[in-house]
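Chemist: Chain B: place on chain A using the hints.
2 protein chains.
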Amino acid sequence: MIKPFSDEYFMQKALDEAKKAFESGEVPVGCVVVSNNTIIARAHNLTEKLSDVTAHAEMQAITAAAGFLGGKYLNDCTMYVTLEPCVMCAGALGWSQIGKVVYAASDPKRGFSVYAPGAMHPKTEIVKGVLTDKAGLLMKSFFEACR
Amino acid sequence: MIKPFSDEYFMQKALDEAKKAFESGEVPVGCVVVSNNTIIARAHNLTEKLSDVTAHAEMQAITAAAGFLGGKYLNDCTMYVTLEPCVMCAGALGWSQIGKVVYAASDPKRGFSVYAPGAMHPKTEIVKGVLTDKAGLLMKSFFEACR
Numbered sequence: 073m074i075k076p077f078s079d080e081y082f083m084q085k086a087l088d089e090a091k092k093a094f095e096s097g098e099v100p101v102g103c104v105v106v107s108n109n110t111i112i113a114r115a116h117n118l119t120e121k122l123s124d125v126t127a128h129a130e131m132q133a134i135t136a137a138a139g140f141l142g143g144k145y146l147n148d149c150t151m152y153v154t155l156e157p158c159v160m161c162a163g164a165l166g167w168s169q170i171g172k173v174v175y176a177a178s179d180p181k182r183g184f185s186v187y188a189p190g191a192m193h194p195k196t197e198i199v200k201g202v203l204t205d206k207a208g209l210l211m212k213s214f215f216e217a218c219r
Numbered sequence: 073m074i075k076p077f078s079d080e081y082f083m084q085k086a087l088d089e090a091k092k093a094f095e096s097g098e099v100p101v102g103c104v105v106v107s108n109n110t111i112i113a114r115a116h117n118l119t120e121k122l123s124d125v126t127a128h129a130e131m132q133a134i135t136a137a138a139g140f141l142g143g144k145y146l147n148d149c150t151m152y153v154t155l156e157p158c159v160m161c162a163g164a165l166g167w168s169q170i171g172k173v174v175y176a177a178s179d180p181k182r183g184f185s186v187y188a189p190g191a192m193h194p195k196t197e198i199v200k201g202v203l204t205d206k207a208g209l210l211m212k213s214f215f216e217a218c219r
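Respectively, the protein sequence lines represent chains A and B. Counting from 73, one number per residue, gives the positions in the first sequence under our numbering. Counting from 73, one number per residue, gives the positions in the second sequence under our numbering.
Incorrect hints may appear among the rest.
Because identical chains cannot be distinguished in the list, a pair is counted as satisfied if it fits within a single copy or across any two copies.
Claimed, not checked - With a straight-line cut-off of 27 Å between C-alpha atoms, the simulated DSS-like cross-links for lysine-lysine are:
#, residue 1, residue 2
1, K195, K121
2, K181, K75
3, K91, K195
4, K195, K181
No lab work stands behind these hints: they were computed from the structure.
Extracted from the complex, chain A is given alone in its bound form (with noise of 0.2 Å):
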């Protein structure tokens, strides 16, 4: 059992946003936005559906949780994401000063840990490898079935 409130908890929540991205045909990566333990915003990648490569899970999650709060600044939340973030997501993330980024798969080939190391903002905690085998076998899974 999971226990409530965790990083597991949580990254639970977020693949469940991931599988909902997964059934749609989408590439399968879903998150949420939490303050003080209470989710503010969910997303999963609308990439395909929308026609918009900026329609990322984490994109459409920090302008919804700025929505929420009425401030563009996260830094007393933390968002919980299935696959590293990219580049962009990751500036993202940086321009929302966000308290801390958890996620649970790497992404070796798109990931901003390669491509842009300093895109976070210097106060952000970056926590990877949470329910890492469940993100990966859901990815795993979709592209598979692309094949």
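Modeler: Only chain B this time, still in chain A's reference frame:
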């Protein structure tokens, strides 16, 4: 006189957008997206008005151009933008596979060329230094007025 349909011509249109941002109290960055010598999208920075760090001119213009074209890739398009794109915007431009990006002023503090030099698509042509003085003057005026 600026020659019609030249880089300077379209950059002037981007500067016109930047001036709209300036007049609204936004960091004055503007851009246009051009396809076949026609402006298919124009935008200016709206981060303050929307309380949304993702509302950079380039992000809005990518979404608008893709909406106009009915597809998410912008291979045959050129973006003219008054300031060197940040990491977020360069990442988005990379995903869009845009054909060419022309920018006016460099941004040594936030520009992609310092923090994410590999963010753009390898086939994207990058041109810098078009109407740089005009764009730089607008930025300088804005930040002086903020003091």
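Chemist: Each hint should be assessed against the structure and marked as holding or not.
Modeler: Status of the hints after comparison with the structure:
| no. | hint | result |
| --- | --- | --- |
| 1 | K195 to K121 | between (34 Å within a copy, 25 Å between copies) |
| 2 | K181 to K75 | neither (32 Å within a copy, 42 Å between copies) |
| 3 | K91 to K195 | neither (31 Å within a copy, 33 Å between copies) |
| 4 | K195 to K181 | both (25 Å within a copy, 17 Å between copies) |
When held up to the earlier numbered hints, the structure conflicts with 2 and 3 and fits the remainder.
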